[in-house]
Each structure stands twice: as C-alpha cells, then as structure tokens.
Amino acid sequence: MTFVRRLGVVPSALVLLAATAAALAPALFSPADPLRGDLTQRLLPPGATHPFGTDELGRDVFARVVHGSAPSLQAAVIAVGVAVLAGSVIGLVAGTARGRLDGLVMRAVEVLLAVPSFLLILVVVAVLGPGTREVALAVGVSAAAVFSRVMRAEVVRVRGSGYVEAAAVCGTGRATVLLTHVLPNAAGPVAALATLELGNAVLTVAAVSFLGFGAPPPAPEWGSLVAAGRPFLASAWWLTTVPGLVIAAVALAVNHLGHVLRTRSETR
Amino acid sequence: MTPLLAVRGLTVRYGPPGRGRPAVDGADLTIDAGEIVAVVGESGSGKSTLAHALAGLLPATARVTGGVVTFGGERVDGLRERAWRRLRGRRIAFVPQDPGTALNPLMTVRAQLAEALRLTGTPRPGEDALEEALGRVGIPDPAAVLCRYPHQLSGGFRQRVLLGMALAGRPALLIADEPTSALDTTVQKTVLDLVQKVAARDGTSVLLITHDLGVAADRADRVAVMTEGRVVEEGPAEQVLGSPQAAYTRLLLRSAPQPLTGPAPAPGEPLLVVRDLRKVYPGGTVAVESASFTLDRSGTLGLVGASGSGKSTIARVVTGLVEPTSGSVLLDGAPVRAGRVQFVAQNPYASLDPLMSVGRIVAEPLRALRAGTRAERRERVRRLLEDVGLPPEVARRRPSALSGGQRQRVAIARALAPSPDVIVLDEPVSALDTVTQAQILALLRRLQDKHGMAYLLISHDLAVVAAAAGRLAVMRDGRIVESGPTAGVLAAPEAPFTRELLAAIPGGGRGG
Numbered sequence: 065m066t067f068v069r070r071l072g073v074v075p076s077a078l079v080l081l082a083a084t085a086a087a088l089a090p091a092l093f094s095p096a097d098p099l100r101g102d103l104t105q106r107l108l109p110p111g112a113t114h115p116f117g118t119d120e121l122g123r124d125v126f127a128r129v130v131h132g133s134a135p136s137l138q139a140a141v142i143a144v145g146v147a148v149l150a151g152s153v154i155g156l157v158a159g160t161a162r163g164r165l166d167g168l169v170m171r172a173v174e175v176l177l178a179v180p181s182f183l184l185i186l187v188v189v190a191v192l193g194p195g196t197r198e199v200a201l202a203v204g205v206s207a208a209a210v211f212s213r214v215m216r217a218e219v220v221r222v223r224g225s226g227y228v229e230a231a232a233v234c235g236t237g238r239a240t241v242l243l244t245h246v247l248p249n250a251a252g253p254v255a256a257l258a259t260l261e262l263g264n265a266v267l268t269v270a271a272v273s274f275l276g277f278g279a280p281p282p283a284p285e286w287g288s289l290v291a292a293g294r295p296f297l298a299s300a301w302w303l304t305t306v307p308g309l310v311i312a313a314v315a316l317a318v319n320h321l322g323h324v325l326r327t328r329s330e331t332r
Numbered sequence: 035m036t037p038l039l040a041v042r043g044l045t046v047r048y049g050p051p052g053r054g055r056p057a058v059d060g061a062d063l064t065i066d067a068g069e070i071v072a073v074v075g076e077s078g079s080g081k082s083t084l085a086h087a088l089a090g091l092l093p094a095t096a097r098v099t100g101g102v103v104t105f106g107g108e109r110v111d112g113l114r115e116r117a118w119r120r121l122r123g124r125r126i127a128f129v130p131q132d133p134g135t136a137l138n139p140l141m142t143v144r145a146q147l148a149e150a151l152r153l154t155g156t157p158r159p160g161e162d163a164l165e166e167a168l169g170r171v172g173i174p175d176p177a178a179v180l181c182r183y184p185h186q187l188s189g190g191f192r193q194r195v196l197l198g199m200a201l202a203g204r205p206a207l208l209i210a211d212e213p214t215s216a217l218d219t220t221v222q223k224t225v226l227d228l229v230q231k232v233a234a235r236d237g238t239s240v241l242l243i244t245h246d247l248g249v250a251a252d253r254a255d256r257v258a259v260m261t262e263g264r265v266v267e268e269g270p271a272e273q274v275l276g277s278p279q280a281a282y283t284r285l286l287l288r289s290a291p292q293p294l295t296g297p298a299p300a301p302g303e304p305l306l307v308v309r310d311l312r313k314v315y316p317g318g319t320v321a322v323e324s325a326s327f328t329l330d331r332s333g334t335l336g337l338v339g340a341s342g343s344g345k346s347t348i349a350r351v352v353t354g355l356v357e358p359t360s361g362s363v364l365l366d367g368a369p370v371r372a373g374r375v376q377f378v379a380q381n382p383y384a385s386l387d388p389l390m391s392v393g394r395i396v397a398e399p400l401r402a403l404r405a406g407t408r409a410e411r412r413e414r415v416r417r418l419l420e421d422v423g424l425p426p427e428v429a430r431r432r433p434s435a436l437s438g439g440q441r442q443r444v445a446i447a448r449a450l451a452p453s454p455d456v457i458v459l460d461e462p463v464s465a466l467d468t469v470t471q472a473q474i475l476a477l478l479r480r481l482q483d484k485h486g487m488a489y490l491l492i493s494h495d496l497a498v499v500a501a502a503a504g505r506l507a508v509m510r511d512g513r514i515v516e517s518g519p520t521a522g523v524l525a526a527p528e529a530p531f532t533r534e535l536l537a538a539i540p541g542g543g544r545g546g
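Top to bottom, those sequences are chains R and W.
First residue of the first sequence? That's 65 in the numbering used here, and the numbers climb one at a time after it.
First residue of the second sequence? That's 35 in the numbering used here, and the numbers climb one at a time after it.
If you are wondering where the hints come from, they were derived from the structure by calculation, not from laboratory data.
All figures in this text were calculated on a predicted structure; none of them were measured in a lab.
Listed next, with one range per pair, are the computed distances between beta-carbon atoms: (1) Glu272(W) <-> Ala217(R): 49 to 57 Å; (2) Ser341(W) <-> Asp166(R): 26 to 34 Å; (3) Val179(R) <-> Thr156(W): 54 to 62 Å; (4) Val73(R) <-> Gly112(W): 33 to 41 Å; (5) Arg480(W) <-> Gly237(R): 26 to 34 Å; (6) Leu113(W) <-> Leu149(R): 55 to 63 Å.
Beta carbons: idealized from backbone N, C-alpha and C, even for Gly.
Model the full assembly from the supplied sequences, consistent with the hints where possible.
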C-alpha cells in the first residue's frame, strides 16, 4: 500500500507542476493564440500541428487548455483561501467566545451545511453575477462551514490544554494567547482539510463554469471548454474528453499529494 | 520443585535488528507457585515489556531475540498466537495499567465479564457465575454492577472488574502491570489488599510490575529491580530492600520521599490568606466549601486529598484561573496582582506548548509583564535555566526533545521568571519516576532557600507532601478536615480520613 502510494507521488507532482507552470507562463507551452481561430482548420482531430485538435472555430484546443489553467487553478486556490480564512475566523470566534454567541454562530453554520453545497454556490453566483472570481468566492463560501467546525473543535481542544492555562497564569493577554498558542496548535487539522478541499475546489469550479457561470465565452476555462464541446460530442470527441481528462488528472494529483502530506505529518 | 515460571536470559528488542539496546536485556526471573514477585523499575527500564512478553502480548514491532521462558515446566517463548490464546486467560491472566481505557466503553460489565468467562471455558456463564466472579474481587453489590457501563464506575471499581475478569478462570499466574498507578493512594490500598487476598486464597502466583518501592515492600515475597532492561538485583523482599547490593537499588531507596524531620517551622508572617472560600460550578457541584488557610512567607503548605476533593479547584482559584463563588484570596492583604502567583501543573507533557521553543516558554511571563528588553529577557532565561539545572542550549529546543523531569524543570523555570511571591504546585511530581521525583523535590527546596518564595503544594500523595511541606492541610469532599504542622499531623492525626491516608502510604507495612 505504501509502495503504491509512493509510486503515485512523482506523476502527481509532475501533473501539478505542469498545471502550475501552464498557469504562470502559458506562452511557454503553447505559442498559439487561444482566442484566434482559423476557419479552414475547423474540428481537426488531434495531430502533429494541433496535439489536442481544434474546435468548431478552428482554435487550437491545446492552447485553450493551457491558457485555461490560470483562471481554473486561480479560482480553486482563491476558493480554498476564502474557505480557510472565513472558516477559521468563524471557528476561532465561536470556540473562544463559547456561550450564546457560540451557539448562534454554530447553528448558522449548521444551516449552511444543511443546504446542498451546489445549490448554495448557484445562489451566491446568481447574486454576484458570473465570472471566475465570483465563482471562486461562491465555492469558498460553501466550503467555509466545514472549516469553521473543524477550527472550532480544535480551538475548544487547545483552550483546555495545560499550556493555555499556564499562559493565563503568566498574565498573557487573551488576544496574545489566541494568536501565539491557540491558533498555531489548532492549525494542523485545518491545513490538512485545506489540501483535501483544494482537489474538491478544482472539480467544483469546473462544474460551475461548465454550467456557464464562469468566465464569459471567448475566454478559455476548463469547465466551460467541456461545455462548449458538448454539441460536437458525436463528431469531435476531443473537445470534451481532453479538458475533462485534464480536470480529472489535476484533481487526482492534488488529492493524492494532499493525502501523502497528511499521512506524513500524522506519522511524524 | 520446578518453579511455576522461569525466565532465563530473556532479551526483547524493538525495531530493526542490530539497532539500539534491547528493551529487555538478558532478564532472569523465577516465580514459584503461590508467590508474589514484584518487578520494580523506572519508566523505560523494560519492566512493562517484560510483563507483556510473559503474557504473550508483545506488539508486532517487538521481537524476542534470546532466552528461555518456561511456564509449568513447558517452554512458552516462541509460542504462536493460537497457543498463547489457550494459555492466556486460563493459566496466565493479565491486568493492564490504566483501568480507564482497558474496558470497552460501549459494553456493559456483564457482557465483558461473560466474554472473559466464555474464554476460560464456561460456554454460557449463568448469572451465578458472573456474580460470583465479581464477588470474589470484593464488589459489594455484583448484580447492580453487572448492568453498568464502565463510565458509570469509579477507577477503583473498574480495576476490580478487570481483576475479576482476569481471575475468573482461576489462573495459575496473574501478571499485573502497574495495576494501581492511575488510582488514589487509598483506592490503591484496597485494590492491592484484594490482589493479595485472592492470591493467598486461590494459590495464584502474582507478578506485580510497579515503579513504587513501597508497594513492592508491602506486597511482595520477592523483589526484582530492573534498570535499562537488566535485572540488577533479585531476592527476598526483606533482603533486597533491607540491605540492597546494587547501586541502583540503593539510589531508588534513597529517592523514596522521606518525611521532614526536625522541629515544626515557627509560624511566620502570613503572606497568602484564604478565607471562607466556596466554589460552586455551574450545575450545582460544590467543589470547595468554606476553606480557609494561611500560607506563610517563604513557607510551604501541603494540601492533601483524594481526586475530586477540591484541591485542584483551590489551586485554580489561588492562581486566578477560576473565580470563587464567595470568599477571599488576599496576598499581603490585597487582591493578587498579575505575576505574583505562579503555577506549576501536574502534567509536564501538557503544560508546555509543543510548538514553542523552551526559551520562549520560559520567557512568556516576562513578555506578558513587558519586563525588560529582548536581550535582557534572553539573559534572564539563561539564568533561570541554570537555576533549575538545565544547560543553556535547551532554550532552543522544543519540549518534545526533553524528558518528563526536564519538562517539569522548564515549567518551574517559567513559574520562577517573574520572581513571584507564591508558586502553586499542583501535583508537581506525580507524573514522574521516583528518582526524578526526588530530584525535583530537592530542586524546589533549593530554589526556595535561594529565592524565598512560598509554595502551595497540592498532592494526593501524603508521602510527597510530608517530604516537602512544613505545614499541611487535609481535604475531603471540598472541606479542609485537618491542618497543622506536618510532623504533628503525621504523629497524631485527628481526622479519621487523615488516618486512612496515612495507613494507605505504601511502604509502611514493613517499616520502609
């Protein structure tokens, strides 16, 4: 089992590295313009000049996938960032305050959890309007509830520990105790959850932009690429399959690396 | 006569071959039928590994690399798990250390006891058999206890249930791994009395693993002393404890807490005055009821009581962690100011932030009081570490790199940092080995002579308090039932509970 796991580390790292590099410097991978099409080159299957084929307007799919990685990954990272930040603050406040505020906040979080997350995302996007950043925010908000619960549980655990008590006897102020003792010691499980959530966020962001709420049409984004290829499913399979495989590969790679990191930190 | 159990040159190693020293290194031990043999040693001496090896309960990471073990004339080392299962429970029984975790919390006592009885060969144990098994370990109302879940029982009762399960099959040998180290002294006494009684009645041999020389002296026919995996001394209890040969045995004996001798300290100037303290927790639990005591300047007051007697609540009130429901705590006639009362907690593994360096931990009260510049604080930390006998480079390490005794020294250095008037010591040595315990108590005494602060020493162990405190107060059920100079209270205890505590100190049985 551990051998198999170790076997997956290098390919996962390579996939993630390639995706990140494509997001940072897309021109390095594909000099072609992802927006400009050549109508004489429509719907060409994958070949030597167009490794992933071309779409119905003669645009190079490889270029579109490469240039699509920046908004797609950015949205996933922002989503997780929003979730970690908002969730941690809510959890920290609830776990520290206890009493009525704790009850109020946590019941609200439970209501948030009770709503199917996809529905919640669509509601938020409907309010904010379409766009990559808006989608990221919506995905982040829907994931924040889980983070806040984990953070609160950790804060409650750490607050009862001997060193927090010792700090209180030393005369350390409440805010300082929170920042120097509680937060660092509570952060472990939250960080572990964040790695898990990143793979999830890649999928969810793709799903939302597949539904058409992502970046507006000419801009390439992985989820909208899949959606755009749908009318040609019978004649041009590569339009949907290739971006779909890329999404799957990145999500798997992130999940796998996250899992390896988590088990490593747990056994240490 | 062939002994019941004979161990010759047993060697057990953990981890990959050829690395590190063995956990048990060529241990020899014999136990005759009906005999109680105590194995005494510190944590890490290999005594627990030895016990587990003799019960066939070694973890998968451990390997027996040498030696011969015979039980009832037959070799049992290298037995397969299936063969062990036939022996264990029927011929060899095992009582684990912590009764809090050894019972399944989701099963009633009845279900767990029935399982134990089934394994010993009673296919469908009837109510009589179950009640008898509990009756044998002195449980007064077996029918009621059978229906309970473990969390509804006290620690002492849980250990009795475990003992009942172990003894249900009338084993020839009972292996008890620190059976009472998680229990109060008074409960410890009743459980050990029981083990002794049942062993005598059934002719069961007992291998008693303990870190407490007093327990060994009271209960064992023969004593083996272990350190660093080796049995350094073995023989009749009177001989080993009366005229020890091995240097390590002598060190252990010297480390046992000795009551302070000499005249009672003259009543000094009162420093900390606690009047009519009462604490009721939400939910109506009365933790402390009208407690009053005075702590003299540079004096030590010992506060003794069983767990749940309210002594820890008093520590929390005095250190300002908990607001009293009523009553007053005055330091030099005024409410306690920040930094004047410091705290050393029981568990040095929990009281230090695992993510901070020792230097930061010790400097924490100084930072809180905004005392001095960064360089001055660093210099002060260095001196404090020197004071508690730690090298300065420890400041850069994390608590996880330190032993239990070293961690407690760090906690003491932190408490010393703001030069407090009072340090509250809540069970400061109960998580430590005997030798370390003696070192820490000596350190505390030295620091008091040097810096002149007062100690409020809280412990369930009367022996520890008697060794360190000039005056003591005995608590029971939230009230102080007796107080006075230590020597006086020990010589002529007035409250029945004090007498009970005094009688429960192990080592008294044979003039230890």
